[in-house]
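Asker: In order, the protein sequences belong to chains G and E. With the working numbering, letter number 129 in the first sequence gets 129, and the count goes up by one each step, no holes. With the working numbering, letter number 1 in the second sequence gets 1, and the count goes up by one each step, no holes.
Keep in mind that the hints were calculated from the coordinates and are not lab data. Cβ atoms here follow ideal geometry from the backbone N, Cα and C, with glycine treated the same way. A few of these clues could be false.
Computed cross-link-like contacts, DSSO-like style, restricted to lysine-lysine with a CA-CA straight-line distance of at most 27 Å [unchecked claim]: (1) G:LYS104 - E:LYS304; (2) E:LYS30 - G:LYS104; (3) G:LYS7 - E:LYS226; (4) G:LYS7 - G:LYS102; (5) G:LYS102 - E:LYS226; (6) G:LYS186 - E:LYS226.
Some, not all, of what chain G presents toward chain E, calculated at C-beta under 7 Å [said to hold, decoys possible]: (7) GLY44; (8) PRO145; (9) ALA212.
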Amino acid sequence: MARRTRKALFGTGVGFVVIMVWCLLPVAWILSLSFKSQAETNSGSPQFLPKSWTLQNYRDILHNSDFLYALRNSFGIAIIATLLSVIFATLAAYAIARLDFKGKRLVLSLALAIAMFPVVSLISPLFDMWRTFHLFNTWPGLIIPYMTFTLPLAIWTLSAFFREIPWEMEQAAQVDGATPWQAFRKVIVPLAAPGVFTAAILTFFFAWNEFALAISLTSTTAARTVPAQMSFFVGSDPFNPPYGQLATASVIVTIPIVIIVLLFQRKIVAGLTSGAVKG
Amino acid sequence: MTTTVATAATPRKRQAATDRAVAENRLGLKLVAPAVVVMLVVTAWPMIQALYLSLYRYRLTTPNDRAFVGLRNYGTILTDSLFWHDTFNTVVIMVVSVAVELVVGFIFAMVMHRVIFARGIIRTSILIPYGIITVVSAFAWQFAFSLNNGFVNSWFAWLPGIQTGADATNWFGHHWPAMFAIIVSEIWKTTPFMSLLLLAGLSQVSEDMIEASQVDGATWWQRLWKVILPNMRAAIMVAVLFRALDAFRIFDNIYVMTRGAQNTESSSFLTYRQVIEQFQLGLGSALSVLLFLTVLLLAFGIVKLFRVDLARARGEA
Chain G
1 MARRTRKALF GTGVGFVVIM VWCLLPVAWI LSLSFKSQAE TNSGSPQFLP KSWTLQNYRD
61 ILHNSDFLYA LRNSFGIAII ATLLSVIFAT LAAYAIARLD FKGKRLVLSL ALAIAMFPVV
121 SLISPLFDMW RTFHLFNTWP GLIIPYMTFT LPLAIWTLSA FFREIPWEME QAAQVDGATP
181 WQAFRKVIVP LAAPGVFTAA ILTFFFAWNE FALAISLTST TAARTVPAQM SFFVGSDPFN
241 PPYGQLATAS VIVTIPIVII VLLFQRKIVA GLTSGAVKG
Chain E
1 MTTTVATAAT PRKRQAATDR AVAENRLGLK LVAPAVVVML VVTAWPMIQA LYLSLYRYRL
61 TTPNDRAFVG LRNYGTILTD SLFWHDTFNT VVIMVVSVAV ELVVGFIFAM VMHRVIFARG
121 IIRTSILIPY GIITVVSAFA WQFAFSLNNG FVNSWFAWLP GIQTGADATN WFGHHWPAMF
181 AIIVSEIWKT TPFMSLLLLA GLSQVSEDMI EASQVDGATW WQRLWKVILP NMRAAIMVAV
241 LFRALDAFRI FDNIYVMTRG AQNTESSSFL TYRQVIEQFQ LGLGSALSVL LFLTVLLLAF
301 GIVKLFRVDL ARARGEA
């Protein structure tokens, strides 16, 4: 028995190390590349760590106005899309978790269908429609589809959270004379806030990550987000991409993700798995 | 309309209860309406638009040449070997990455389930690939596999077929090595998601049952196949369904790593290229419709094949 336990513990320990290496090696690689000089990567530098460490890439990228515009667009678009998506999803999830109404299954099926929707198949019609409506290359042109594609995830996460809320309190409020709307706003919203917050994080991740629509529905730095802008980083030599610059941009665009993960890892895991596996 | 339906459905209940039910029904519809409208306006409407455009010969560079051609765009696509080649690539990427992720993700889930120390650290680490943007993952792996600047060649030179120095292995110079690099990036980024879903399923398997089978003399292998896996079937199926459909839509990795060079195009990339680079709105729309139908068919197939009860799996009885 003791031997088996020790063996299991050893296996788990090895697994722990493997997971850490798996998750962090590419991140360390990008970080290391961001400290390599342009000269070093141009002449070929297959070793993992830089021969001489430099901050030049960071200095350059923080003076790259295209990148800074893209960063502004990314933050603005992702935050607005997240806010709108979470507001709509909260209303819908409350109704789904709590109220009896016709068409509930239809709403859930629609959300499911949209979660599986191939985003790229929208490029062609949206490209056409957005030019007609003057939404091409604007913030709303990206915010609207981002909102749509994050709604399903937000609705699921939230309705799973909402089912766990002690609803007697809502009834108590209604007994005390509150209307269903008041009961929703005054009692449930504060209780549901952690769930809403989790849904917001997952939504933000999606909008921050999105690429296909971002390159198709934008044409200048007026609305281009960081992932799209990064694909336009080309140095003078097409056979030598600016490794250092791209790695530095990667590091900078990953910082918000790392901060969010460090602060809210427990919530994110709960949100990702909530309601997904209740068999 | 809702009034009559609700009244008819509950004829025997007291009038007050019926009023309440009506009000509840109305509030429910009002609350879901904004979300439903947004979802329909941004997906269903454009899809109808795409269906319409797909029947036209319509290229933005020659807008006056626009003409109704019926199903000819579909004919052009379905008889083109490029379309089938790209579909094949997409299926290969989907099958390989989901299969590998399922195995690796399950091992990760087992480790996370058993680990009693540093749970916060492991959870944080596993969320980093999940949260990192796909474009960054693609660049990281493109550089890792790079001819002059990658560490893969020098680290794995001891493996047959991998070389460093003057005739170093050019991963992006041939079809299969390039596909391999793309799949590595895809797997690295999405295994954490898979493992978290599987971990949630694993934690629902009752420990008592595992112990009982252990007492009955089941080996580790038997416990895995006869007790643990069957009891987390719902979690596995949901994970496979979501990841398979996600992998089928692969675009970012290919765009960044090869731009479709060495015949590594996926269905999504082909659609993108027709619309945005070739301005073939008619043909591109037909491709969009076909992509949509393929995903629909795939989803339907997986649900039927594995009898995934999504409503039940998500706790929506």
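Asker: Take the hints in turn and mark each one as holding or not.
Answerer: Each hint tested on the structure:
1. G:LYS104 - E:LYS304: 22 Å, holds
2. E:LYS30 - G:LYS104: 12 Å, holds
3. G:LYS7 - E:LYS226: Roughly 22 Å between the alpha carbons, so the hint for G:LYS7 and E:LYS226 holds.
4. G:LYS7 - G:LYS102: Distance of about 55 Å is beyond 27 Å: violated.
5. G:LYS102 - E:LYS226: Violated: G:LYS102 and E:LYS226 sit about 41 Å apart, past 27 Å.
6. G:LYS186 - E:LYS226: 49 Å, violated
7. GLY44: This interface hint holds because 4 Å falls under the 7 Å limit.
8. PRO145: 5 Å, holds
9. ALA212: Nearest chain E Cβ about 5 Å off; hint holds.
Violated hints for the displayed structure, listed by number in ascending order: 4, 5, 6.
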